[in-house]
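So the sequence lines, in the order shown, correspond to chains W and L.
In terms of numbering that gives the first Met the number 0, the first sequence has 299 at position 300, counting the first letter as 1, and numbering is strictly consecutive.
In terms of numbering that gives the first Met the number 0, the second sequence has 164 at position 165, counting the first letter as 1, and numbering is strictly consecutive.
The set of hints was computed from the structure by calculation and includes no laboratory data.
Mixed in with the good hints there might be a few duds.
Claimed, not checked - One-sided and incomplete, this derived list gives chain L residues near chain W with beta-carbon spacing under 10 Å: (1) A84; (2) L88; (3) L183; (4) P186; (5) L254.
Keep in mind the model is a prediction, meaning the values are calculated, not measured.
Ideal Cβ placement from N, Cα and C applies to all residues, glycine included.
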Amino acid sequence: MADVAASPNGPAMSGPPAGLRDNRRALVAAGLLAPGIVVLLVALVAPFLMMLATSIQDRFPDPTGVTLDHYAAVVSDPYLVAIMVRTFLLAVVVTVLTAILGYPAAWFLARTPSRWKHVVFLGIISPLLVSVVVRTIGWTIILGNEGLVNNALAALGITAEPLRLMDSFWSVTLGLVHVLLPFMILSIASVLGKIDPAFAEAAFTLGANPVRAFTKVVLPLSIQGIATGSVIVFCLTIGSYITPIWLGRGFVTVLAIAIYDQMVTLVDWPTGAAMSMIVTAGTLAILAAYGLLTRRFALR
Amino acid sequence: MTAGASDRLLGAYVAGIVVFLALPVIIVVPSAFSAHSSLAFPPNGFSLKWFANVFSSPAFTEAFLLSVSLALLSSGISAIVGTMAAIALVRHRPPGHDALLGLFLAPLIFPAIVLAAALSMVLGSLGLLRTFAGLVIAHVLVTLPYMIRTVFGTLSEIDVALEEAAYTLGANRWRTFRRVTLPLLRPGLLAGVTFSMIISFDEFTISLFLVGPGLRTLPLEIYNYTDANIDPTIAAISTLLIVVTLVGIIIIERLVGLGKQFA
């Protein structure tokens, strides 16, 4: 996610005396923020509170009391636990893969004097703007039984029968890496771009070989970018629905699919809400850990 | 390894990444012109019948019109609400503005499925489930972060001195905004609107909980279509979506540079 650069606050505009002016300024600020806050209250805060309430009410839709049974039901159901573990694993694998695949590309974007830089930049960002539905259809054409890969393998005489490349943990992983890689690359590149190349040169001058200069100097300095990218990729993977359902076609059930099934298909809102709150808590925990981590690095 | 060789290696690697990112998008286009009814690559023969299929389908036409009006309306509302909020955050720095900014940007990272389910509960209790109004509220929430981020960025680069000069010369706040801030803000604002429209047009997960029969956005209609058939019709409609997105990208690139949206 982009850092929204904080702007230096300009001096207060000249006008009426200070006290009056401050009151008016506060009023103007409140007025300007009001519509946005209404949107947040209606579409973010209220839904969150309602979800929380639903997850702890004993009966739905007419509660008679408060209970934690739905949470207990979720964590004691081996099927749901397996789904949570799978989703977590998927998020870890996708995060690690995007970080490894993305780092060199981010390095290129941040450091190259190449005239291709802008083209590469557009090439990395543009797929982000194409509908996820379109991109999953694209993967179907590549991985399907009559798709690019299987037709190529058959034409080369390597396989007689089409390989089953869709509907697996790895096809879902591939689809998610594709969707989320640009976020990782941009996060790392924005941090690498701020590192003074003189640091690495200093390490060279002092006798470090390129590998040592990288692992001891550049990599620690760019941890912040990897951390930001990882948080984004991890959270977006946990919440992903369309890619797992399309490229997994019922064979790879992740949390988002389970929540949808629980709520819409089984109409069991309290259990679905409890699952949602667990996901939310997990996401908030990751964001908090990230906050602590970056603060620690900032203090160094 | 010499510096030249490692640069070439890195260049080749990056080219590979760009191909990887572009391939699933590009491959859709030739498949849309296949004469055969399977979604195969390489496509067999040449035909435009799948495009004809898209345009003659009332479901796709209706979904397209719904998605377009939804994108226009929610981006418009988002532009007004987002610009007001960004001005307050950048120029007035209200107490707790970091937390507020975080809340405004939260939908970017919050698990979409949770947001979707939670929103459907609130909209349901307001009687707005499966209504156009409900979709608009949801899409304003999802597009608002993009709008605020763009306007925030553009506004931070506008010198406060320009506004102060107008103010000192006797213009009131509104006039200062209309004559000084707004013209300077225009490229960022237009880019933000274009970006919001693309986001709204592509949105899938949240709409999934809020739509119903007779009220389906285009991505959901495509998804719904694949339940019964997987044929090049979806490649044809995807090709049309790619063209629309390309136009959007060119507009943003001309206005502020696409990089500004992410950097």
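These are the hints, each one checked on the structure:
no. : hint : in the structure
1   : A84  : holds (4 Å)
2   : L88  : holds (8 Å)
3   : L183 : violated (14 Å)
4   : P186 : violated (17 Å)
5   : L254 : violated (14 Å)
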